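Protein chains in written order, with our numbering: chain A, 33 to 177; chain B, 899 to 1427.
Just so you know, these hints were derived from the structure itself, not from any lab. A hint or two may mislead.
Said to hold, decoys possible - List time: in silico EDC-like cross-link candidates among lysine to aspartate or glutamate, alpha-carbon distance up to 16 Å: (1) K952(B) to D1230(B); (2) K111(A) to E68(A); (3) K1067(B) to D1131(B); (4) K1057(B) to E68(A); (5) K1201(B) to D93(A); (6) K111(A) to E135(A).
Quick caveat: nothing in here was measured; it's all calculated off a predicted structure.
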Amino acid sequence: MTIKSAAALVIAGTLLAATVAVRAQDAPGGGPTSVEISGEGKEVYEMICQACHMADGKGGDGAGAAIPSIANNPNLANKDFIVDILVKGRGGMPWFTDMLTPEQIAAVSTYARSHFNTYRDPVTTADVQRVMAASGSSTSDCSTC
Amino acid sequence: MMDSMRPTRRDMLAMIGKVGGTVALYQAMTALGHAAESQFAGPPKLTGAPKGKKVLVLGAGLAGLVAAYELQRAGYAVEVLEYQDRPGGRNYSVRGGDKVVEVGGVSQTCAFQPGNYLNPGPWRIPHHHRSLLHYCKVLGVELEPFIQLDHNTFIHHSKGFGGKPQRYKELSVDFKGHVSELLGKSLNAGALNDTVSKEDQERLVEALRGWGLLDGNLNYTSSLRVSGQRGYDRPPGGGVNGAPTPSKINSLSDVLSSDIWAHMNFFFSNVMQTTMFQPKGGMDMIGKAFARAVGPVVQLNTKVTRIAQGETGVTAYWEDIPSGKTGQSTADWCVNTIPLPVLNQLDMQVGAPLKAAIRAVPYSGQVKIGLEMRRRFWEEDDAIYGGHSFTDQAIGLISYPNDKMFGNGPAVLLGAFARDAGGFQLAGMTPAQRIEAALAQGSVFHPAAYRKEFMNGTSVAWSRLPWILGCTSRWSDDARAAHYQNLVAMDGRIVLAGEHASYYGGWMEGSLLSGLDAIERIHQRATGA
């Protein structure tokens, strides 16, 4: 692990800790989690995204509803499409700015676009920050945690 | 970075305030914003219902069932459509022989012994969730205590105490003692002369001496007196060797490394305070009791495909899942409790504000795992009876069964209640990988017995359950401000209900209060009031 991604983990962990106190939902306990999220796009996908979008990126059907497919999805041709959803959430999918750093969002977006599709140009941290700025989102804004 | 740390520090200060017995307790409670008790003031009194009017209820979870139950009592005709092959929605229990089928087709068959169960969704009932307790009583659902706090459980932190779990009673007493010592000495050194009067300083020092078990010099040290709270090395006995010996306290630095204050604080939360309850035999006793009371109007295995409305009524188009046959149901009004991740993909004839609100609420994706063990080693070997051992690992905790204590047969532990990153991580695994992760992580608490006594396990990953695609609604403050009133407002003849249409998200109380509020408004419209 690089020093940069280690620092990102610390920030992510701190944000998770901060979310604990403000939610009234039933919760396992009061302590923060030490679960660490990698800086690598593939690992972020496997650890976070495939909980819903499945290991093959194809999502799946439910009760008259579906988890959208990331694989072979022409919407991903526009790199802002995936970044925007990760920053703001959409439908049942939550926003991830309180769990992933801009670096991690860029890495996993790059992975999803290139591994499950054929869009090779990388999504950069600057891309993520541009989308976040446009949406008024900030990783340190825990009023929305 | 500094900004994001502030809530943690605030919580820490609030905790210190509580230990010191100050008004910080009250402030922290109200700061949660959810400290008020339930708004339930008795079942609705819906009098004068017009003859021959019908309400269609979509979804046989608690919101839909309480709506159906009270509407029937008021004299309305009711029809309930439910996608699953059972009533109750998230109010359910998994037992031996039950199948858990996920999006993608992965299927588990639970192998628990008869009488054992996992409550994958709701599992504990606060004593102030009065509507839920009311309906349990009315419907004859027998409740038993849910052991929320057992001081003998363990706290594990990967970076505290070299990763070795410590007893809750030891860490909590040590935290209280060290904080009392520091505050007491600060007072005596005059550090708070500007803010605390001399008279209050004297009273507070006296309080800290008693509260923190401090000695004459305001030191928190190992002693028999302290052991009277945190436990002894050799406990009191009888006869020749009856005299107890004191245990050794942990250092402030070690205690802080365990995050014990956060776990102590957890039990101050209004919805986590003792006494708590659970239904005897499984949480699904509540949904089943409602379904019995409502009668044969619940049509199971029915997938709603479209919802239309006009001047005179509402029509739901549906498919009978086993046969594939289609049909439609009409009514004067509709209570729609379909979970939002499903509803937002459904063709429903409502206005733009409601559609936008439905799209604005994401769901969180918790994971629970039940592990069946051959014997109750936590009771027999570790003297733990109910309660939770907390960890900072993905599983979050292991929780011990609240029933059949001292029994001989196999028992089911809750081996994970994971959320956030840990929840996603476990949900993304195969069922076999989840069980392995739960065993590996849970073994820190009971290393000798955990794998040895393990028989089988079943996991429920909420984000992959096809009938909901998530666990509970997760409103942001911004979305709440922009969309909540639109979500709960009647749109023509349709009104939404469910925990997502409440300020008690993720709790059965929220579902019930929402369902009751929805039918009161329908009744107002129907009676022209």
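| field | Structure versus earlier hints, numbers of those that do not hold, lowest first | value | Violated: hint 2 alone.
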